[in-house]
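Q: Sequence:
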Amino acid sequence: MRRGGTGTARRVSTVAAAGALALGAGVAPAAAAPGDGYADWTLGGTGGAYTASASGLATGFPTPSLTSTSRATAQVFGGASSWLPSSSSFGTRFGSSQDREYLSLRPAADNVGSPSATTITFDSPTPVGGWGLALGDVDAETLVVTGTDADGNALTGPGLGLVSTFSACDASPRASACSGLTAPYAVPTATTGATSVTLADPLCPTVGERCDTTGAAGWFSPTVPVRSLTVTSTWKQGFPTYQLWLASAEQAVSGSVTAPCTSDRDGVRVEALRPDGSVAASDTTGTDGAWSLGGLLGTGDWRLRVVPPAGAAVDGAATTALDLSGGDVTGRTTALRSLRTASGTVVDAGGDPVAGAVVRVLDGSTEVGRDTSAAHGTWSVGALPVGALSVAVDAPEGYTAPDPTDTTLGCDGLVVEPLVLVAAPPSTPTPTPTGTDTPTPTPTTSPTPSGSPTTATPSTTVAPTQAPTTPPPAASGPVLAATGADPAGPLALGGALLAAGAALVTLSRRRHRERAH
1 MRRGGTGTAR RVSTVAAAGA LALGAGVAPA AAAPGDGYAD WTLGGTGGAY TASASGLATG
61 FPTPSLTSTS RATAQVFGGA SSWLPSSSSF GTRFGSSQDR EYLSLRPAAD NVGSPSATTI
121 TFDSPTPVGG WGLALGDVDA ETLVVTGTDA DGNALTGPGL GLVSTFSACD ASPRASACSG
181 LTAPYAVPTA TTGATSVTLA DPLCPTVGER CDTTGAAGWF SPTVPVRSLT VTSTWKQGFP
241 TYQLWLASAE QAVSGSVTAP CTSDRDGVRV EALRPDGSVA ASDTTGTDGA WSLGGLLGTG
301 DWRLRVVPPA GAAVDGAATT ALDLSGGDVT GRTTALRSLR TASGTVVDAG GDPVAGAVVR
361 VLDGSTEVGR DTSAAHGTWS VGALPVGALS VAVDAPEGYT APDPTDTTLG CDGLVVEPLV
421 LVAAPPSTPT PTPTGTDTPT PTPTTSPTPS GSPTTATPST TVAPTQAPTT PPPAASGPVL
481 AATGADPAGP LALGGALLAA GAALVTLSRR RHRERAH
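For the record, in the sequence shown the residue sitting at position 189 is 189 according to the numbering used here, with numbers rising by one throughout.
Simulated from the structure, these hints should not be mistaken for laboratory data. Incorrect hints may have been included.
What the hints assert, rightly or not - With a straight-line Cα cutoff of 25 Å, these simulated DMTMM-like cross-link-like pairs (lysine to aspartate or glutamate) come out: (1) K236 to E209; (2) K236 to E367; (3) K236 to D212.
Claimed, not checked - Per label pair, the in silico range of CB-to-CB distance: (4) T262 to A388: 53 to 63 Å; (5) G277 to A424: 23 to 33 Å; (6) D323 to L181: 34 to 44 Å; (7) A49 to D99: 28 to 38 Å.
All of these numbers come straight from a predicted model, not from anything done at the bench. The C-beta atom is built at its ideal place from N, Cα and C for all residues, glycine as well.
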């Protein structure tokens, strides 16, 4: 629409409405209303050197800043008389822009040789999808859109992501600025070049009334991450202005946590993480375990992290993927494990403490914790899952252990009855033969020498109890079976008996001769 100095007055807002995210603990969210993610603008500077900042965009969307060489007067309008209806091409994605702010900008001067450049720069590359730039009131100027990617290189024309051109007046309910207009409505043409997209009404200025239309618009959703977008406005006729909206799709996610011990549901922190792992938004549960996060950028790049308080742990993965590209997500449930401490003492049958006993806590057949009893017999195992458990003890040397004890760990923890060890009976050592002792031989009686008239008095000789250390020389002839006795003693005894017998025979013969004489 061509604007003169006496153009229609519109409500101007230069106050940025902060789109702060209210995160009440345990408050169930309502579905995100389309349009919550429109930018609110704060405009500063003067003609040829305007600056602007934006707020109110979805959480997770990079912060934009704007510079413009538009001639005066650039303005922020509040969307009371001109807006994009919810049924328009842009509105079906981001909702109605009624009562939402937009910028009104101009060429640098009202002549063909003085285009203006308006550049939106993002503090980090934008995500792909979930946001859009709309340009409206395209009639008495030509608008050329260019941009740079995450590395600062020029975007391709297709990468700029032109979605469609449309008329804001060809929708319902439509703005009051469209009053009295009937079809056919003006719709700009779009030309995609190698590194640009051009929006224009080709009938202006050839057909004069086409230079003063209402509602002609087009919108973009870049298909690659973007660092900046630039809109160049070139004059064609009159005093042209164009409109600029920046919007992001806002979605919500909500859910609850469960735990065996109800107290563990309170104070659980739930965080929405950006792709780089930083926290974009968070909520803390109340006693009912409910949580909600709203105003999140509607892309599929989110992750959700659950951080339980001390005494609980997430049963499964603490961080999971979160896809908001299809709209709000409700009913996310996270199960927690309640963890408590079991403790007790190890004693002997007399009640005295026993140190060095290994106490093992079992969940079924799985060991979930262990401790060694201290000097006073005490032991303690923390971070155990609430529920049925058993306690076994490995006794130190000198004791025998009792059978495992079945018990239940409750939400208040558990003190186990004393584990009583029984002293093991002393063992009797079995002697081991050395193989050096020699059996005592049976006494032998001296025989009476043959041919002697006198019977000798029997003589008894006992062999030594200790075997000689030097074995006798090996005898020739056949080898006798081993008897287990040392042969040296008996041989010596036999020799002595033979000598004694010979002496007795000699004595007897001498006495016989004496009697004969």
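Q: List in ascending order the numbers of the hints, as given earlier, that are violated by the structure.
A: 2, 4 and 5
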